[in-house]
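A.B. asks: Residues per chain are reported as follows:
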Amino acid sequence: MRRVGIVGAGITPCKGRWVEKTYYGLSQMAVKTCMEDAAMSIKDVDAVVFGIYNDIFELSAIPEHPLQGIIGMVNKPGMRVTNGGATGAYAMLAGYTWVASGLYDTVLVLGVEKATDCFDFESMTETPEVIKTIGWSGDTFFERELGWTASDSYAEVVLAYMDDHPDDLKPEISAEIAEILCQQAKNNPYAQRRDEVVTAEMAMNSRYVVYPFKLLEMCVYSEGAGAVVFAAEDQAKAICRNAGTEPVWITGIGASNEHHVAGPDYKRHKYMGRIWSDYISSHKAYEMAGIVDPLNEIGVVELHDAFVKQLQITMGELDFVPIGRTDALIEEEIMTPGGKVLVNPSGGLTFGGHFVGGSNVFSTWSARREMFNRGIERGLVHGTGSTVAQYGVAMVLERS
Amino acid sequence: MASKSEPRVIPEHMNPPQESEIVEREGVSYLQSNEAMFTFYKRTKGELSKYFLGLRDQKKIWGIKCPKCEAIRVPPFAQMCPECDFVEMDWIEMPDLGKMNSTPPITYFAHSLFQSWVPFGRGRVVLEGAETALPIHVYTTKGVLTPFIFKRGTPVKIVFREERIGKPTDIFAVPLEELTPEQRSASPLMEADLDFSQPVEPEMGATTHAHRAAFDTAVEMLTRLSQDVERSTRAQHNLAGWKRRIAVRTAAGNLGLRIDDGKLSVTRGKPRGRSDFVMIAEDPQLLVDWMTFKDSLTNAIIAGTLWISANREFTTIFKLDRLPRSTHRDTQ
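Residue numbers (the working numbering), protein chains in the order written: chain U, 1 to 400; chain S, 1001 to 1332.
Excised from the complex, chain U in its bound form (with noise of 0.2 Å):
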């Protein structure tokens, strides 16, 4: 496979609501940032692929089609990929193997989102429509008709994570990293709650939305869109010397989906205490990557916290803390403002923003601008999705 590096990003602000711009204005804006950061042509790139989560938010069964024309990329080929909350990561992964494989030497990837449309007329508010249209995702037969929502399914995996080790994800923990990550989105120009100040105490005392999750401890609801371009080595080199940049190169990439029906046996069905799909897709990218110990040899990490307490398990599932004493990221300032790794300097989902279809879009245009900003060598991104935390992608990124 050939070398595949990431030569420019650009990303929209992240709004609760952008009543100023359609998903089509949205798309235009990302791609605009992202070919000016990359001092190129759109007519230079061979190929795109969108992320766009879910059809309803859009209001369009095939909603990527009108992007085609309008991201000026006519006549060349264009693939949308939806895979729930990680499809922004699995967007990129195709990008990637697009490019690895030798069919383009320019690719494209597009995550767009609109959410909050999408309006309860008997409350008068869009939570509760927004959470009904997430709702659609669940198991059709087994388990939407149960009120199945995305913050009950998650809910459910820590649960039963917490079964298997109570003394493990203290409240206070939880709401220490909220604070960590209220922090550090104000770091991010593009962080949809930069302004809002939320300390340990205040997550603390928030209320509950599903229990063990408190509104101050998961992530929000956003419009946006991002963009990043992957190129071959040799057109990698030649667009960034060009740019007056260097490429970030991907060198591992893992996924791994699991059983949504659960079981014992994580092999056969889903183990609901652990995220198994995490564990494999970022073990599989260590390995490519040859990392085998990821605290050491990777300096920051963005990764898909849809929730604060979900985060802390990811990080055991990618080797940085033990799975059953996840608290250490916080007791043993591994996460701490100057600790031993970055993890989501953007603010993360819970306060940078998460628009679906390209949240792990926003994730990698973050790593890779802190990677060059502080001198970086090695980040991660990961994106996590469907219910129970069923899908996960892990990448590696590289500067030299």
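Calculated from the structure, these hints are not laboratory results. Any given hint might turn out to be false.
As the list claims (entries may be wrong) - Footprint (simulated), chain U over chain S, 3 or more residues, beta carbon under 8 Å:
1) 1136 to 1150
2) 1277 to 1289
Said to hold, decoys possible - Some chain U residues close to chain S (C-beta under 10 Å, calculated; not the full set):
3) G16
4) V19
5) E20
6) Y24
7) I56
8) I62
9) T127
10) E129
11) I131
12) V158
13) V197
14) E201
15) N205
16) K270
17) D319
18) R325
Heads up, the beta-carbon is just placed ideally off N, CA and C, and yes, glycines get one too.
With chain U held as given, fit chain S onto it using these hints.
C.D. replies: Same frame as chain U, now just chain S:
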């Protein structure tokens, strides 16, 4: 066609008028319009029909067993074993007893299609002999559902609803320990066989000076709240068409709340006559925190510091939770 009185696939009240409006952002006008994405189905349950017909007509739970690896899967989501090169599996009738696969989440904030069900637990039960866990609603017969009733391994029994249409909600699970020997041995156990009228009240701790002070404040604030409701159209709307007598018990004393079609009244001391349900809060400060926006009654139930005697009365708690904000907006 169904008659107008039958439940509709999309309830009438969810259907907004066809109209558009202007929304301003930084001096610029943007148009937005009421739209919907809807499709109706005559949807087959196909190869899964035996399972859903079992729920609807036979009051039985069907699983499926692989003749090769001998795994029994419930729900029977596939008819050929994916682990054994798609060998055809055999239907098998399942017992109605099992254990919780893990601690289930309890939903208090459902979206519009499920608001009438709250609070409900969406758990997974491993029926005796099965390898997989069946997604199912879980309820308690002993008062409001909280996150602390069901745990991994809690023994449960499946209960059939009286009205069944071949959906996952045709059945639910209750803790086995809440059932009498007769109920445990009944198969199928029907919803009408359960007794929801004997909730187990939580024990109250010793009264403290802080409790007494908070109780006095709570009564005073509740009285003021009831007066504010009279001046608040929003609050009256919150309580419109609703009638409830609520007995409130705290470590420092009792009081009564009465909701009467848009009105709220408060009495100090044990209320006379029959109450629709009981609220128990050891620390009356909880009521003060609710009325001063520091916490909500809903959150107190989730946290286990407030208990109510009837699960269905959670709807009343939602209504009460809206009052402080409604009166504040209308009277300030």
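A.B. asks: Each hint needs a verdict: does it hold in this structure or not?
C.D. replies: Against the structure, the hints come out as follows:
1. 1136 to 1150: Coverage by chain U holds for the stretch 1136 to 1150 of chain S (3 residues, Cβ < 8 Å).
2. 1277 to 1289: violated (count 0)
3. G16: 13 Å, violated
4. V19: Constraint on V19 (chain U) satisfied, holds at 5 Å.
5. E20: Status holds, d = 5 Å.
6. Y24: At about 14 Å, which exceeds the 10 Å cut-off, the nearest Cβ of chain S leaves the hint on Y24 (chain U) violated.
7. I56: 6 Å, holds
8. I62: With a closest approach of 13 Å, the I62 (chain U) hint is violated.
9. T127: 9 Å, holds
10. E129: 7 Å, holds
11. I131: 4 Å, holds
12. V158: 9 Å, holds
13. V197: 18 Å, violated
14. E201: Where the cut-off is 10 Å and the nearest Cβ of chain S is about 13 Å from E201 (chain U), the hint is violated.
15. N205: 8 Å, holds
16. K270: K270 (chain U) check passes; min Cβ-Cβ to chain S is 9 Å, inside 10 Å.
17. D319: Violated. Min distance 24 Å.
18. R325: 20 Å, violated
Going down the numbered hints, you'll see the structure goes against 2, 3, 6, 8, 13, 14, 17, 18, while the others check out.
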